[in-house]
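K.L.:
Below, each chain spelled out in residue letters.
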Amino acid sequence: MTVLLEGSSTSAAMRRNFWAGVWRVMRRKPSRLVGAVLMAGFVFMGAFGPLFYPDPLPRDVNQLTRPPSWQHWLGTDDQGRDVVALVVTGSRYVLLAALVTAVITVVLGTGIGLFSGFKRGRWDTVLMRITDMKLTIPGLPLLLVLSTVWKFSSAVQMGLVLGLLSWGGVARAVRAQTLSLRERGFIEAARGLGLSTSHIVGKELLPSMAPYIAMNMLIAITGGVYSQVGLFFLGVLPYESNNWGQMLNTAVFRSGALTVPSALGFLIGPLLAILLLTLAIVLVVDAMDEIFNPRLREE
Amino acid sequence: MSKQAPGVRIDGLTVVYKTPAGELPAVRDVSLTLEPGSITGIVGESGSGKSTLALSLLNAVQPPGRISAGSVEIDGLGDVVGLGGEQLRKARGRHIGYVFQAAQNSLNPLKTVGKQLLDLGRSHGVDDLRGLVREAKELLGRMGLDGARVLDSHQHELSGGMRQRVGIMLALVLNAHVVVLDEPTTALDMITQANILKIVREVHAERGLTTLVITHDIGVVAEVADRLAVMYGGRLVEQGPTREVLGSPRHPYTRGLIKAIPRLVGDIDEARALPGRPPTLATVPKQGCVFRERCALRMDVCDDVDPEAVLQGTRTVACHAVTVKEHA
Amino acid sequence: GTTNNSGGSGGGGGLFTTIDVARPGLDASAPANPWNPKGNAFLGYNGMKLAWVKNHLTDPNQFYPGIAASWDVAADNSSITLHIQPNAKWSDGKPVTAEDVRLSIGLAYTTGSTAFALTPGAAGAAAEVEVVDDKTVKVTQDMTNPSAKFARGVLDNWVVPAHVWGSVLPADFWDKLKTSRGEGEAADKAREEILALGQKVLAFAPPKDVSAGPFTLERVNPGEALLLKNPNFYNAANVAPAQVKFLNYSGNEQIWNYLSAGKLDHSGFVAAPPDVMNRIKQAPGSHIITGFSPVAVGMAFNQSKKPYDNVHVRRGLAYLIDRAQVTKVASPDGGTPALTTSGIHQKPAQEWIGSELSSLEPYNHDVAKAEAEFTEAGLKKQNGKWTLADGTPWKVTMHAPSGFSDWISAQENIKSQLVDNGVDAEVVTVADYPVYLEELAAGKYDVGFWLMALGPAPYDIFQRLYGTSNGWTNVAGKVSHNAPGKGGNWMGGPEEIDVEGVGKVNPGELTAELNAATAEEAKPIMAKLAKAANQDLPVIQLWDYVNTQFTNTSRFTGWPQNDSDLLRLPAGVWIQLGMIKGKQ
Amino acid sequence: MTVIARRLAGHLARGLVMILVVATISFFIVRSIPGDPVAANVQKLIEQGMAPQAAEQATRVLYGFQPKGTLWEQYVDYMGGLFTFDLGQSVTHAGAPVTDVLADAAKWTVLPVLAGTLLSFLVGIVMGVYAAIRRSGKLGDVLAISGSLLHGVPQYVLGLLLSAIFATLIPILPADGPVDILFEPGFNAGYIGSLVEHAVLPVATYALAAYGGWILAMKSSVVTVLGDDFILAAELRGMKRSIIFRYIARNAILPLFTILALSLGLLLGGAVFIERIFNYPGLGLLLIESITMRDYALMGGAFLIITVSIIVANIIADLFYSVIDPRVRSGEEVSA
Amino acid sequence: MITGTGVVKTYKQRGKMLGAREVRALRGVDFAIPKGGAASFIGESGCGKTTLGRIIAGLETYDEGEVVIDGVAMSGLKPKERQPHFRKIQMIHQDPYSALNPTRTIHQTLHAPLSLRARQTGRPRSWIEERAAEVLSLVGLDPGSVLARYPHQLSGGMRQRVVIARALTVDPEMLVADEAVSMIDVSLRLGILALLKDLRERLGVSVLFITHDVATARYIGDDGELYVIYRGQVVERGAVDTVIADPVHPYTQSLLSAIPVLHGLEQPGEQPVVPLESLDESRSDEGCLFARRCPFRADRCEGERPLLQITDGVPQEHACFYPERRNVIARPLSEV
Ligand SMILES: Nc1ncnc2c1ncn2[C@@H]1O[C@H](COP(=O)(O)OP(=O)(O)OP(=O)(O)O)[C@@H](O)[C@H]1O
Ligand SMILES: Nc1ncnc2c1ncn2[C@@H]1O[C@H](COP(=O)(O)OP(=O)(O)OP(=O)(O)O)[C@@H](O)[C@H]1O
Ligand SMILES: [Mg+2]
Ligand SMILES: [Mg+2]
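Chains as they are written, first to last, in my numbering: chain V, 18 to 316; chain U, 115 to 442; chain A, 1404 to 1987; chain Z, 816 to 1151; chain S, 116 to 451.
Don't read these hints as lab results, they were simulated from the structure.
One or more of the hints may lead you astray.
As the list claims (entries may be wrong) - In silico DSSO-like cross-links for lysine-lysine, where the CA-CA straight-line distance does not exceed 27 Å: (1) Z:Lys859 to A:Lys1457; (2) A:Lys1798 to V:Lys168; (3) A:Lys1881 to A:Lys1926; (4) A:Lys1881 to Z:Lys859; (5) A:Lys1750 to Z:Lys859; (6) Z:Lys1055 to A:Lys1611; (7) S:Lys312 to U:Lys373; (8) U:Lys225 to Z:Lys1055; (9) A:Lys1611 to A:Lys1750.
Isolated chain V (complex conformation):
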């Protein structure tokens, strides 16, 4: 009985240790904290940002495409709406789509990579040929071509398509990891002990790849943001009234942000958001490895 108690208390202690370790890792470099804070900011913005603004956003027809001012920190758009408000409310679509992209990328990529690396043999060959092919076909042109067939009418659909197009890299990497982990004694030992495949995959393989997967997830998020913003920027997707890419498109192609400075704020807004998001993710990814590695977490 006492042993049992000890067992459960150790796992609770472990959890505490984990967060303490995470904190240690984050504190080691202040830039990581900045990244984490930015990241939290973006999550908050996507989840609750739109709640702070009326729908539709208030507009001022006497303030069309104005440069930054005290009243409008990043100026106004061609409808007389505040650019900051647009960036905030527009983040939901972008981030939601990116999240869906990332989830699908990671789930599919990990699933296929694991399956392929674990089963090996013929399945592996077939899946990897497909993956290679996917990796060779350039994503953006394919998306452009697809955009003629597919109506990306919602953020979720957008994310779905992007996700379906971008799992290749993750699958490749996860397979490689799986293959190398397979060779490690502990996987073999688990098989020898007769542990179920689901245990091996879920409890032994996946946690070992967690940093990797988490990293890929974050990178997939940026990838998702970039591609959809890019597509909107090119103007090949159905119009969205609040969307970073749409803003870029309007700013450049309609408001002359590359010609006159008055629309510059309108251009800078979404660009800044993208840059900050990139920065946040770069900084957080930097800490990822240490967070998930018990050894690095403690030292």
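Go by the hints and put chains U, A, Z and S with the ligands onto chain V.
P.N.:
The following block gives chains U, A, Z and S with the ligands in isolation, referenced to the frame of chain V:
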């Protein structure tokens, strides 16, 4: 041969590594003399500081480590610790040859052995590159290899034993007379190991070298070395002529270690494992005897005072218990 | 050697830099073939027409001379006789002859042209082409379905040299054409064969550009096209520029950059936001000329969808939408808010319907009136939101093709205006204009934007409201009506409208009458139609386009004045007419 | 040698399969695009003031060929055409075979992309070496973070920024096509100078976009190599710094070849943005144009050729890799 | 009881498009390990020891021959049916660090197989914890201090003990220890060897010991059998001490004479065989596999392959036409 084998005197050498917990010594206050023309063997368990010591001989401790105290005097070269820049570079290879841990990777995988040999020659301003190649072929032939073929090969085309011989060739081809071999046979199988050891012995004798062999396998040292030094936790705990140290070890660690070696003949029940576990950089006691945690002869003084290395006849032992007994 | 003169500075004989706004993406490999959509025959420069259509406010049959120096139109419009410029020569020195004109007409038959259509019963089609003498050609109209625009149909055609293009048409072409005019299988087959020739015509690449215009094409690269002055041009003495450089562009923003850098001597109409406009104005020598553009845009309803079948809903929306605001947001310099919905651009409207215009309901922004209309239509307001009569939610879904930024901007603004007043709304874009048009015609949208008032011909103007898209088809002069959803009828308006003060009218039939009517005959008809459109509101006219053009006086002078008819023609025509002078 | 030949054969076989698959994909995507361009064009011409009948006639001429036969027959036809480099007829570029249009555009994409790749590769690896050697110092941090950021930031952001700065704010570089028409094409200073001047911004964008990736990859590769025993061994043998540097560089660059293909793919994908921003008449712009113009044959062709160039680049990179890596040459499996 | 007859394993190295290289890892090996018995496989690197061990532990398939566990032939069974049999045979890996999942605590590591066991046998959850503590105690570890730790917090010897404890959770009948001590510090090595021997004696677990260090083979018990393997073939087989004292196969002889003499403790044997090494890479598959390296080879050896046999006057099985008993090993000074 042409030149008298040089002597090497290591004195009070301390090497520290920078870790999150501060600078920790991996080698602490080690003094050791390599007699000219002798083969000295250093044994110790993993992490005891052998490689660090070996690298110090070339003043090549890699960051985050550094030599924090002591000197390494080599005849004809002076104190290596004080050398730097070009001087140091020229000393390496020309004066001191280093044979890498049997690691399969001491050769550039993209270049043939011959090309690397030429690189080596050019680095040391050898004018007669043909002569160098001839010398290399001769050395390789001496070690039972087809020189021409080996020079034409890439690393991956050679077996582990062959690579190790190439390593020895590269260490000697510039006529270095001090040779350091770090774990020359680890990862080689028995037969190859025996071959390499034979070669080491022969080449040593022929070329008049001063040789340092580092290993964790006492058998290897016993096979080749004239003198044996035992390291534990960064300290040199005992040294002396091989036969004597093996035959009648004095330091409790040496004794335990020899007892723990599985033997091919004799009563297997005599063998005993040492209790406890070897220290790592972080767990080495900061003061007092490094071995006391596992020591059967532990005394109070061991907790606070680091035992001095005391010369006892042909041997040096660093142990309070042994010193006390001796004095008694 | 190079012909480098990149600054283009200096007086007469300099380099004229311009842009063909109608054609983004110069195609370096395309032939100097005016029929090829990417062809490097630049209208008015090295591409010549018989005459240049003025698009006069009300008279479709006004032209500036081109290859035809003058023309006589029979009083009943039954024929037109063309007199070729007496000293017109091709750039290779050969004279321009009636045979060249006849061949060009033949080519026009293969590629589709209003006057040279093969379709039996087409309005305003030519019946006969006759070479009178070396410099005279007579074209007669098929009077079974005559059109008032016959002269326009004939004159608005390319002319290319027969000695270069002759091989494209087979020797028996004219016989085949004759056969095709008949009926039965042989005629059908002939028509097929002639149409098949069109492909060949489109693809034909003259080995060297031989032009009768003021310039000939020297070379094109993917970024630019260079034209050199044609010394054999009949008015060469008055052509100022020695070289013309066409810049390429892939988006308006690029033209703005060229303009604000003062690079272009002239650019046709390009929409630009106010700040950009100001910036352009600040460029040294930069001038903006405005004139009439015979187009308006309206918000069109699909009346087979609820609640847009109810005229009160349409009127309510008209009251709710502040057109001035829409125009200000969407097209501040490229349009003027429509005064009312008359179906006619407001400039010619005065001429066509005179005082009637002021009696039309202006649908000024008035929320109270809008609510009254909605109430009358049976709509309900719940929690500040308008719902359909049965309480189901109502959302105005407006469609626009992506890339039509002013339309999207306008719809976005309308959306905001509507939402402000309790009418839910959204903007949906469609991949591109062709798909938009197709889906619109298929009745897939509730509300979409629709180009209207396409002047100057009265028939063209109202055909947009009461033509095919609203159910009326006009085959060989016979008008019939299709039910909503059939035969391209997506507007689904009523076949007859009871117009206040006029009585019941069939607007489609009225419109068809305009086809052959003289200007004077047309006026009362147009007044009726304007009233019908104003009252029934199949479309809410939003803004009338303004033709804004950009010029630069640093290198050339002699530009047209505001409101000049020339503004609707390319600058090449201005040059060949001898207006443009190098700055001394 | 036989190993390389075998590798080449394998690659070619796989490349061929890939091309067929991509062609199939683009064929079916194109066929499933909604909207009938023919009907739509009629409407458009009517709006431009043409009589309905004439508009119909003109449209029929423009679109000329109508797809014949069942989908399967069309497919067989299309795939058959592939082998004679016949990708059909472009609609917008009437009369021109798609292959010609693509060939014209390809040079404006391939050359700048290659130039950008080369430039970024050279600068990137040098900086990567520095970032690795100075990885615990300030310079290393700066290089690494800037590398990550540049690598992370999408190409259009870079393109927009460069365009805003150098073509708008301080207009010192052109962003309007590939060359000034006033120069006679040919091998003369003016023409080539103009070509180069116009290529600066696009090439710079490609280079900047790829540079981050190289610096990161090179850094990690160098760090790995630095940890390899043979480097320490060379040092302990007293090899010259310059020689050791070469050892490091060659061993570190090798694995980058596997990334090369990927990076080329990325750049070619990015061409869509960069060419749109700088109005460079390459494949990317052609692709956008064909999409907005609904020129299906051209669209399929542009997509196909972009993919094919990536496949070819892949093969070349791999062959190059196998030539310079003796382990591959002798048939040993190397994990990259 | 586990026996094998004529076990053959050939690895086909796939990878390249064309052509496959074959590695004959095992060429018909017979073995028999009784319940509670012990056996050691020795041989130089690459001779197939690990392969055989993995086949016995069910981690690898074999191409020919038969493995019989407790009277049940394995080749006839489906993978699922084989599993319970092979679970009785647990492998102890050479590298104790990689044998433990670094992201899981010892508690988690032991918990997984135990809870599976508990489920299968219907034991209560409390049994799991008890058993975990029990197996740790069995291998001489203090459960209280070890359970909550991660592998990296343990020394090599402790890790190897945990690995053994984990194997014990499924109540194995045999442990296959593949170079189980070669990566453990010298001073701790003996502890593990003693543990294995102890487990044999106390729990009746048979032990298969794979090593290249002949000396350690003695430590699992003097009743153990020694299999000397050369290039996938067993060339000598007999009781450990007999083989060590009187090796008859030239390969065994050179192997034993290659063991360094502990000068100072031992005297070298009387007739040390010059240790051999293959200089010729082209290995012949004809005749005696060892012929090329054999100092005693005769013509017969080139043409005919000797099979494992018992001959007069030789206490153990061997595969040599000219067996000659030799005493090559060193002797303790005390015996001299
Ligand atoms: N780069 C380094 N940073 C920090 N500590 C180090 C570093 N290199 C070695 N050490 C530590 O220094 C100590 C001595 O290391 P060294 O490599 O000299 O041991 P060794 O006796 O050669 O061991 P082995 O037998 O494993 O090769 C060890 O505890 C090791 O952890
Ligand atoms: N998965 C595999 N694929 C191909 N060849 C293999 C594989 N595993 C082993 N081999 C080959 O089979 C032969 C026997 O290998 P094995 O690992 O059994 O040798 P070993 O005696 O355990 O050697 P060591 O002492 O080095 O561990 C070797 O030549 C090896 O290269
Ligand atoms: Mg070492
Ligand atoms: Mg093995």
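K.L.:
Are the hints correct? Go through all of them and say.
P.N.:
Status of the hints after comparison with the structure:
Of the supplied pair hints, the one linking Lys859 (chain Z) and Lys1457 (chain A) holds, its CA atoms being roughly 21 Å apart against a limit of 27 Å. For the hint linking Lys1798 (chain A) to Lys168 (chain V), the alpha-carbon distance of about 20 Å falls within 27 Å, and the restraint holds. For a cut-off of 27 Å, the pair hint linking Lys1881 (chain A) to Lys1926 (chain A) stands: about 22 Å separates their Cα positions. Note on Lys1881 (chain A) and Lys859 (chain Z): the hinted pairing holds, with a Cα-Cα distance of about 24 Å set against a maximum of 27 Å.
Straight-line distance between C-alpha atoms of Lys1750 (chain A) and Lys859 (chain Z) comes to about 24 Å, which keeps the hinted pair within the 27 Å bound. Between Lys1055 (chain Z) and Lys1611 (chain A) the alpha-carbon distance is near 65 Å, which puts this suggested pair outside the 27 Å criterion. Taking the CA atoms of Lys312 (chain S) and Lys373 (chain U), the gap is near 18 Å; set against the 27 Å cutoff, the hint holds. Between Lys225 (chain U) and Lys1055 (chain Z), the direct Cα distance comes to roughly 16 Å. Compliance with the 27 Å bound is thereby established for this hinted pair.
For a cut-off of 27 Å, the pair hint linking Lys1611 (chain A) to Lys1750 (chain A) is broken: about 44 Å separates their Cα positions.
In summary, the numbered hints that this structure violates are 6 and 9.
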